Every structure is written in C-alpha cells, then in structure tokens.
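Enquirer: Sequence:
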Amino acid sequence: MSSELEAESVYDMVVVHREQDVGVVTLQLFQLYTLRKLGRPFKPVIPFGPHLFGSGKTKFVQSYLELVNNMGESALIGLDYVCESEKANRRGFLEKLKRASLLFVDLRELKPTRPIEEKRNLKWAVYYLLYRSACNQMGLPFMKPDEAYRHIPPYPSFLIPELRKTLGIPPDQFLLVAFDEVGVFDTKATFFELEKNDKGVVRPYNDFFGIISQLCEEPDLFFIVVGKSEGLNIYNYVASVSRVQLVFIPLSPLEKHSIVEHLEKSSSFLFPGSPKVSEILCHEDFSTSELAELLLELTGGVPGLLVRAISYLLLYKSSNNNFLLSKETFLNIMNSFLVTNYCVAPFLPRLISLSEQRKRLLRMLTLLSLYRIRFDFDETVQISSNSDVFLFDLVTDMCLYRRLVIEPDRNERYEVLLPKLLIEYIDQGLKDDRLEWLLLRTLKSQSVEFFYESKCRILEGLIATLFYLHFCRHPTNSSMFSTLGQLSRVWNEMNLQFSSESAAYYMKSIHYTRTVSGMERMTFGSNDEWERIVEEMLEFEKIYIPFHSTFHSPDILFKLHGRTNEKNLMIVGIACKGRWSRNGIRWNEILEEAHKFLKPVHDQVLTSHPTRHCMLIIMSTQLATNVSEDLNHSSRCYSSGDSVEDFVIPRNCELVILSEADVENFIGKDILLNLRKAFKSVDNPHSRNIGISTLQEIVLFLSKNI
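Here the sequence shown stands for residues 164 to 869, where the numbers follow our numbering.
Hints should not be assumed to be uniformly reliable.
[As the list claims (entries may be wrong)] Only pairs whose alpha carbons sit at most 27 Å apart, straight line, appear in this in silico DSS-like list of lysine-lysine:
id	residue 1	residue 2
1	K843	K832
2	K391	K222
3	K419	K490
4	K282	K222
5	K607	K419
Just so you know, the hints here were simulated from the structure itself, not pulled from any lab data.
As the structure is a computational prediction, the values presented were derived from the model and not from experiment.
Full structure from sequences and hints, please.
Expert: Now the structure itself:
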C-alpha cells in the first residue's frame, strides 16, 4: 500500500456547504460592487484566505459560485437588517453573481515573461498569467508572450475585454478571478523589479495587490485571493499592503452534517461502478452518521485531514475485500503511526521546523483549545521582550487551526482547534514536556463537538488540572492534600492516594451514551442515575468533568483509595462555585449542592458498599459574608451525622467548605484575582477579558506543579 499512499486523493470529492464562508465572501464582493457604483475613488475590498494546507481554500474558491447558487438568498447575509430598497439592490447583485464566470489562477505558474524589456515586470507577468489561465480553462491555444504583449498591452482596458472574449462571456456579466497560492511571493519576489519604499524596502505583496487594485476599476470584475504566506499575515499586512482592503475568510472546519454530505455524495474510482464513499465504508451495522462522528473527532473537521483519512480507509478497503468497518476497527486503523504520518504529511516540514520559541507557546495554545477560550481577530501575544505576534497568525504558524464563533451579540471570535491527528503527531515529540503531554492527552480524549461549553470551564479545568497534578505527582507535598487531611479524620484514616499516575489523561467529560434503541441521553442527569455514574467513574483512574455541569452537581468527580486496603474508596466531588459579583455563595446554595450529590450517592451507592465514602468539596471564589463568619474565615469539614441547618450529613459522607484563603492558595492569588475581574465584565470571558498574560501565568503556575 505504501506506493499508493503517495496519491493526494483516491476519490472524487464533492463540494459541501460552507455557509459561513460563502456569506463572508459574498458580502465583501457586494461592498466592492457598491463602492464602484459610487463613482469616486475607493480602496477595493478583496476577500483573502491566509491558511495552511488542509483548510479547503482551493476547493472553496473553485466551487464558490456553485455554493452561491445552492444557497440562494442566504448566501448574502444582512438582508434582515436593511430597508426594502437596499434589499432589492442586494438581490439584484446576487442574481448577477449567480450567473458569473470564474477564472481560476494558480500563482505557482507565475514567472518572468518576455519580451526581454518587460521580463522583470511583475504587472506584465500577472497579465500574461491571467490570459494564459483563461485559455487553458477553455482548452484554447494561447499566444506566445511576445505576440501577446503586442496584442494585449499591459492596461486593464485591453486585458479584461480579451479575458471576456476568451472565456466567452459578455461585457456586463460578472467575472470572478480567484488567485491561489499567493505565498509564492515569499520566494519569487526576487525575480521581478519591484518598488521600494522610502526606507528602501521591497514590498512584493503591495505591488501585487496594486495590480489588482487597478483592475478593480473595471466594471463587473471581482477577486478572491488565497494562500499562506510568511510575508502577508495579519500582523504586517497593513505595512505590506496599502492599496486594497483585505477581508479574511474564516474557512472554518466542517461540521458533522457537512461530513455526512461529503461521504454520501463523493465517489471512489477504486471500486467497480465508482460507488459513493458511504456505500463502500458503511453498512447496516455502521452508519454514515457514526463514521462522520468518528472522522470529526479525529480530524476536527479540517478538510485536508478529512480527505487524507478517508483516502486511507478507501485504500485499506480496496486491499481487504472482506473488511467491514466498525468503531473498533476504525480506531485501530487510524491510531497507527503509519496512518498518522500519512494524514499529517503536508504539515511535517513546518512542524519539524518550529523554533523553540514557538514550541514554548504551544502550552498556551493548548490551554486555549482545552478550555475553549475565545480570542479576538486582532489580539497579540508577546513572544519576546521586543516582539509581538497576532494570536491569529500564531495559530497558523504553529500548524493549528481556528474555529470561528459568532456570538449572540454578533461579535466574531475564534477558538483554537487541535485536531486529534495533529495531537497524535505532536505528542510523539513531547515525552519530556509533562504539562504539554498532559494537556494534549486530555484534548485527545475529548469529542470535538461538546467539550467545555460551560462558561466557568476555565475555573473548573484549572481546579481539575491542579487536583490531578497534586494527587498524582506530589501527594505528600500537596498543600491541598495536607489541608484535607487536617480537616477530615476519614481522609487520614483511609491514607488516600491515586493508585498510579494516569497513563492517559486527567479529565474526561461524562457525555452522551447510546441506549439499545439508538436514542441519545445524558449520562449525568437525574438522581436515579448515580449508581451507574459512580460505577463508570470507579472503573478508570481519571478525573471527570461532567458535561452540562451547570445543571448538575458536582462539577468535577474522581476517586481515591486507601494505600493499605484498595477496597476503601473515597468518591470525591468538587463543586466549583464561580461567584464573580459582590454577593458570595450563600448557605442555601451550598446545601443545594449537598442535596444533589451526597444524599443520592449515599442512598444508591454507599448503602450497599460499606467500605466506600463520599466527600463533597465546595470551592468558591467568594463566600457570602455570613458564611465566612460562621466558618470563622477558615475551611471546615462536616462529617457523618453533623447538621448543617436542616441538612444532616449522611453516613460515610463529608461536606468540606474551603475558605477563600485556601482557594486562593490552591489556584494562585493573582490568577484568581484576574479571573474575578474577567468574569465581572462578562459571563463567558474571552482571552482579552482574562488577559493573555494571565493565561501565560496559568501555564507557568501549572508547570511549577508538574
């Protein structure tokens, strides 16, 4: 199979819906259309996709007009927010756009072009490439450069009519030119005579977009540009490109429904009759939806990784006729080192060449991804004492991906996405970086779709991470371990510990499970489910953060057992009460947490297992004044039989309320203070609210606990 793996693809891929990206591009093209109609000088608007391999940028620009026609009016966002006359104007534009023609231009074919006196002229090289691309697209012969130069002088008024003639479209029909691989100017700029600014600096991208800017003065002509470049990123594009306005296309990863569509419509020529991919790989016991879900978890929905993963499965199937795919066989195949390297091959040169400085920032990006902390388009990170970089660019430079999130207030923010295939490869070289290894392993254990939706996940995740590090790595030196030992007699008597450091990860969300009927339901829900939840928790050496923990208690679950008698088990729940206003956690809220956890666990689990104990720890960012005073501003443990107002602690149970001082000591006083400030301003803070410096401080704090 190794020789066959050289192929980029072994099946005919179809276009799937990318509504968000289509909407962004269409709106920007409409803006250019509007600016042109005003009849006064303007800076052209150019949609631009600065993405690495795998984002689907080439396929997107090639199929953009097809997607517009499939989407109808929804392809032009903003119709709900304009007057009737403006709606008519936009609809008229959309109707013309649906009938547009596309000219695709691969800039890798750009080179100095004769005649000799124009050989180093970038403008003529671009013009000739446009002309030759139009001829190639129509299957027509093209003039040699010398002849073309005489026939098509390098002016828009000569070039555009020639392109329309070659493509067979009338003067009033929209023409959309899509430039791919714009990054060639990182290396090919020296081939041409380019302008220098007042400091003698050559800016090849400004020259290139200057050529496009002149062409944009021609009616009914539009451009899209895509391609990753070192010299053209968010941080420096203002300095590099002054003649146009670049608007970035998100090119977000595919959702599950798009992957299902991809599988059901794409066909493979490896098999007789070119059947659909879903017909080849799926069967009555393994549905297309199940395969799409697994592919989403593995690839993160990144098109390039998705295509290569599917290609490998098809190649495997073609050499194993009796092979039937199931969840188990899928995981066995895709977890192999060979498959991982095949799928991430296009990333390898960049991943291998990452600087040590960039590698050190990987921890912070992993933390952003794990806690689903959103960041703004223009947010910067300090990478040295005299150097900043945009977070958006840093994610790209590190071979990672971004997921665009449009929030209820219509603000656009991004999340870091680490596909599991990339995690698997990166993880191979991180055996000496314990924290990064731990964070990556945790990410790998989570489903892409559901993890970390709670607004307080950064607090819950930080606490869960610290408990794991304290109890697994340094239990004897842990201040929290010592505090709990001083508070709880049972804790000391049981001589508690984790049996060993988890070989995999420290957090796992309790999420969806399938019933016999195929319906889905929450595994962490009503009180009568506690026996099963606890049994599942006790089966593994992990710390759990339940999905939808906002509605249930506690937020974190894990087990400890006695050093001398492993049958002595302590089921520990932690309720993370993030109270960010002036009013702290009140007694009724504490007792509500106890009612939801201690009583049902006692009734369903402890009554039939006398060697098991249960502890609920209340970790609050702020206690109500009367609660703090009742506790004498100290942590306290309520044991079996103790009364807390009208609640009696059940047998073999304990309720621990930690003081604010102990919580601050555990999390880090400065970190907790910064989180309080962030949450006071917004329910779901993004990185700018929290502060990149705070996130870096969290990484440093966690590193010290490794």
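Enquirer: With reference to the structure, classify each hint as holding or not holding.
Expert: Okay, the hints, checked on the actual structure:
no.	hint	verdict
1	K843 <-> K832	17 Å, holds
2	K391 <-> K222	15 Å, holds
3	K419 <-> K490	16 Å, holds
4	K282 <-> K222	32 Å, violated
5	K607 <-> K419	18 Å, holds
Checked against the numbered hints given earlier, this structure breaks only hint 4.
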